[in-house]
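K.L.:
Sequence:
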Amino acid sequence: MAQEKRNRQFKRFSDLGLETVETILPRWVASKGPRFATNFLEYQLYSHWSDIVGDVLARKLTPMGIRKKTLYLYGLDATMNQEAMFRQQMILQRINAYAGKEIVRQLRISARLWQDPDTKDIGAVKQLLARQKQRAQHDIGRAIRQTALSGEETQHAAQLAQKVDDHELGQAIQRAFQHHLQYNKLKEQHDWHPCAVCGTLCPPEQTYCQRCSQAHADKVHEAVAEVLRDVPWARYPEVHRYVPECTPALVSIVRQGLVQQLAREVDVRDHQSMKARTLVMLYRCLPPEQLTEEKIERALYSLRFDMHIPEGYKFPKRYSVISWGKKTKPPRHRDQVE
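Numbering-wise (the working numbering), the sequence shown opens with residue 102 and increments by one.
These aren't lab readings, by the way, just hints derived from the structure by calculation. Some clues are possibly wrong.
Stated by the list, open to error - With a straight-line Cα cutoff of 25 Å, these simulated DMTMM-like cross-link-like pairs (lysine to aspartate or glutamate) come out:
1. Lys-418 with Glu-394
2. Lys-202 with Asp-319
3. Lys-415 with Glu-366
4. Lys-376 with Glu-390
5. Lys-161 with Asp-178
6. Lys-396 with Glu-366
7. Lys-376 with Glu-339
8. Lys-202 with Asp-156
9. Lys-320 with Glu-346
10. Lys-415 with Glu-390
11. Lys-415 with Glu-395
12. Lys-415 with Glu-184
Stated by the list, open to error - Now the in silico label distances, taken between C-beta atoms and shown as ranges:
13. Glu-346 with Ser-151: 26 to 32 Å
14. His-149 with Pro-295: 45 to 51 Å
15. Thr-348 with Ser-374: 30 to 36 Å
16. Glu-346 with Pro-135: 25 to 31 Å
17. Gln-361 with Gly-271: 51 to 57 Å
18. Ala-350 with Pro-135: 20 to 26 Å
None of these values were measured; they are calculated from a predicted model. Yeah, the Cβ is synthetic: ideal placement off N, Cα and C, and Gly gets one too.
Sequences and hints are given; from them, build the entire structure.
P.N.:
Encoded structure:
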């Protein structure tokens, strides 16, 4: 009975030893139920808030919680609050792209801080993640040490150590090589297979190792960027025809990166150059025939903080660029014949 318990424990450690924390955590979170998974995803959003919206907005706006897909923010800077609401669609796009699904549909900003905000335990969540990572790393080491090597493998490691004159260095090399053999043997016992490109062992559900997967992802990323450079107004369906492996989230991320890159090259006062018009087409997904002066002004005004700002330049008033309210007809002349 005790032996069976040890075998089950060893198998559990072995399984953990073959995976990274990034693959363990999603299954662990999913096993806790949908409500826990949703709360965990929200805490991840709060923890990486500055990475998602940028340091400037993160310093002025603090997330308090999500209710019915509405993200409530605490902010006292009226100017920054208006800017956040004006860029609401971009912020929502970044949040949902980070989460991998739609978790937020609108923003609400308040000058009153909740008595019991959801972010009060964010420090505890970070400590929990750190403990989970430390425990997983500990289990990996134990599983590797318990993997037995054959006599030939042990002899091979000893022969490598004998080629070094320094005895201590030779022993260190022998231990490191044995550890490498044990780890690879443990992987093979759980159906790991050689990478299709470089031959490095990778999990059974993956075709490529981590390095080759990253290289492949970079290739897809560059292909999407190339399409958007040629056709700035292209949306996901058009991009997908040229790059079948892309996803909506990837197209959104690449578009945001190109917008920020191009915005730095355009003067904030420039509304007529080809670069400025290309920036608007890329940002608003508008084809050239749909560009108007009003659309260009509104789009570039929303990107003004990302654009090149000359020294001493003062931004125009918001309402001088963007008109609000219902448009009224011009008054009729008194002498006009009815």
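K.L.:
Run through the hints listed earlier and report the numbers of any the structure violates, in increasing order.
P.N.:
10, 14
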